[in-house]
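Those protein sequences? They're chains A and B, same order as listed.
At position 137 of the first sequence (counting the first as 1) the number is 137 in the working numbering, and the numbers step up by one without a gap.
Just remember that the working numbering sits 1000 ahead of the position in the second sequence, which is counted from 1.
Simulated from the structure, these hints should not be mistaken for lab results.
Fair warning: there could be bad hints in the mix.
Here are the simulated SDA-like cross-link-like pairs (lysine to any residue), alpha carbons at most 25 Å apart as the crow flies [to be verified]:
1) Lys2/A x Glu84/A
2) Lys1135/B x Val248/A
3) Lys192/A x Leu1152/B
4) Lys135/A x Gly279/A
5) Lys1185/B x Pro284/A
6) Lys1192/B x Pro154/A
7) Lys135/A x Thr124/A
8) Lys139/A x Asn1155/B
9) Lys1192/B x Asn150/A
10) Lys118/A x Leu1215/B
11) Lys359/A x Asp299/A
12) Lys187/A x Leu1287/B
There are 2 protein chains.
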Amino acid sequence: MKSFVSIPKDSGFTLHNIPFGIFSTASTPKPRVGVAIGEFVVDCNLLAIKSLFNGPILRQHSEDVFSQPTLNKFMALGRPAWQEARRRLQDLLSEENKTISGNEILMKDVLIPLTAVKMHLPFTIGDYTDFYASKEHAKNVGTMFRGAENALMPNWVHLPVGYHGRASSIVLSGTDIRRPNGQKKAKDGSIKFGPSEKLDFELEMAFVVGKGNALGESISIQNANEHIFGVVLMNDWSARDIQAWEYVPLGPFLGKNFGTTISPWVVTLDALEPFLVEGPRQNPTPLPYLEDKESGSYDVELEVSIKPEKSNEETVVCKSNLKHMYWTFKQQLAHHTINGCNMRPGDLCGTGTISGPTKDSFGSMLELSWNGQNSVTLKDGSERTFLEDGDLVTIRGMCKKGEIVVGFGSCSGKIIQAK
Amino acid sequence: MKSFVSIPKDSGFTLHNIPFGIFSTASTPKPRVGVAIGEFVVDCNLLAIKSLFNGPILRQHSEDVFSQPTLNKFMALGRPAWQEARRRLQDLLSEENKTISGNEILMKDVLIPLTAVKMHLPFTIGDYTDFYASKEHAKNVGTMFRGAENALMPNWVHLPVGYHGRASSIVLSGTDIRRPNGQKKAKDGSIKFGPSEKLDFELEMAFVVGKGNALGESISIQNANEHIFGVVLMNDWSARDIQAWEYVPLGPFLGKNFGTTISPWVVTLDALEPFLVEGPRQNPTPLPYLEDKESGSYDVELEVSIKPEKSNEETVVCKSNLKHMYWTFKQQLAHHTINGCNMRPGDLCGTGTISGPTKDSFGSMLELSWNGQNSVTLKDGSERTFLEDGDLVTIRGMCKKGEIVVGFGSCSGKIIQAK
């Protein structure tokens, strides 16, 4: 299957992908639904107005859901609608279909250059949960915070450990992140106040719930993928000094909730299907409600780069892969709802930092510098243990398997100085 | 100041109080803003339509904000608008003012018996945070979970420890609570799955943010009360066996997020002002951003009762007081935003369990039964260590000072059996 839109070699926005997002333009400033292809955004709202979604579900709903300023209403329609939309868009954008490609005026209106659009948060997030699903990350952080003997808590191999995060401070890629002030414990034991001196990124991905469940009901692992709309890149910015002092016994709070960045394009699970792989072997075997006979890990190559403010060059400081994650999205969702907790369309669940087994695959400065003991050298010669003001941090994600390419684009944010 | 509406002796919905809520009626099922007085709801939407809010702010905004199905838009107007509304309603409901009392038809339309209305969640909650602000509770739980030596963590006296909770599962008083299933560790060390056997209540109050702050900005302690709209009763239902197994190192998760109940009527800080008292002495002196020269504690008498399904009698199992809380609302809000975390109208911040110094003031069954060691005897002769199916738990709150009475009404929920 080939598109009439030319797809640059390094683009992950292929005809197979069809990631969903919310965009606006200078001429039409109302945010609305679009999908990315190559270097263009396809205006789904305009296609809906032209009655070009002719499938059984979207024929009735496309004008309503694609005119919305968030994906929530579209997502709430459920997976059959998501699949119908993706297939129809693949058809309309294929070489064979002349509906758009054979109509110059329509093509000009529907295909808008990515450089000409403003992207918006793709969905309204009701609740945000962050898991802790990479065993390597949990071990690394545990070793630094509690010593090697207490690194991995006994519960970790039995359930996907997670905690609630802050929804209000989730921002779109490109938003500056202000270095937070806060309390920290100095080496001499005194309590200090001031800007964080251990500001960090966390390489994460996150899935967004498309279809929810009622309070008191659960989502089974077999049914989980019917509820997960898609996946984004996420940077869970962390202030390690604030976090280390505050986090016992109720978990991270101000060390995390000053900002979390997500990428603008949501890649659907259907687009990711070719990249399903076996994840790490789970030992002990999880309880039945977490047991899954089918694969649930995805082979997504991830990298993190830092570009200092005064440099033109970015340096890749970490190369990891989503497949290192021990607990799958399906397991996370089944666990989250096993007690009857209700999910709503737009709820976001982060993976936790995705660290791999090798040192260059550690997904945070905390791990790369081993809490400041070793510095990382950037291409401009400067050294980092944690982030400095002006640093631009960019996460990228890409899947490749034979001819099939699916990319997540990028998720970036620049550190600005504390108040 | 006296109202023409007769206020029963045991009612906390006095002319001084004027608590805000969202109600609907069989004849007008659209939820809208009302205030409670005695045994009646005052329909603020109808007063607005009749142009009876004639102050400088509400003259322009009352029709819009009081017709909404949540308080969020009214709260976003800020404290001058809240004060204007309360004063105007006190005036309209006073003996002296004949606008309503002298107009039989208007009076019948505006004053609706509490028994004839359906109450709704008073605000849309974007983010929910739960603090841990009673020293007695933190000590009690810490002792049981970690032993007496590690009971109170070193950070506890330096900052209001808090964590993010789940907004989606916050329900209105009167909603049944389903006993959650989950993982727990048996005494023999094996991992079991099933209904929680240690289901508990937590006696809490919570403040709701009326006016927010931008991401990257902070709310100072001096300015905090301009951002806090009011206070409700809250029951932070907890499954202690699930919580004990899951909570390290990232805090409570499924042990809490299956349900949290709040009372329908929001009592404003202005109504609570006569009940300001000195709180516990804070030692060490907090850092400057948490230091407050003015009182911030309130004298609110609280009690919790349990009524078994087959009994007609409820038994008061706990009598506590909000004044025991170590960290004030103002300190909680100043701390929450010191890192630039943004608050939005409708964000809810719980106090954590409000336990006092004496055994009968402990605000949870975990503490009352000392983790199941001692049982509590109810009036029907049955014994409780934790909650049983069919138990109706009710929290009540009341302030009295001379002639001035302010009540919170009640916050109740019944346990129904696990799926």
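Against the structure, the hints come out as follows:
1. Lys2/A x Glu84/A: holds, 19 Å
2. Lys1135/B x Val248/A: Judged against 25 Å, a Cα distance of about 15 Å means the pair holds.
3. Lys192/A x Leu1152/B: Roughly 20 Å separates the two Cα atoms, so the pair holds.
4. Lys135/A x Gly279/A: Holds - the C-alpha atoms of Gly279/A and Lys135/A are around 12 Å apart, at most 25 Å.
5. Lys1185/B x Pro284/A: holds, 15 Å
6. Lys1192/B x Pro154/A: holds, 14 Å
7. Lys135/A x Thr124/A: With a Cα-Cα distance of about 30 Å, the restraint between Lys135/A and Thr124/A is violated, given a limit of 25 Å.
8. Lys139/A x Asn1155/B: With Cα atoms ~24 Å apart, Lys139/A and Asn1155/B stay inside 25 Å; holds.
9. Lys1192/B x Asn150/A: holds, 23 Å
10. Lys118/A x Leu1215/B: holds, 20 Å
11. Lys359/A x Asp299/A: holds, 19 Å
12. Lys187/A x Leu1287/B: holds, 18 Å
The structure fails hint 7 only (numbered hints given earlier).
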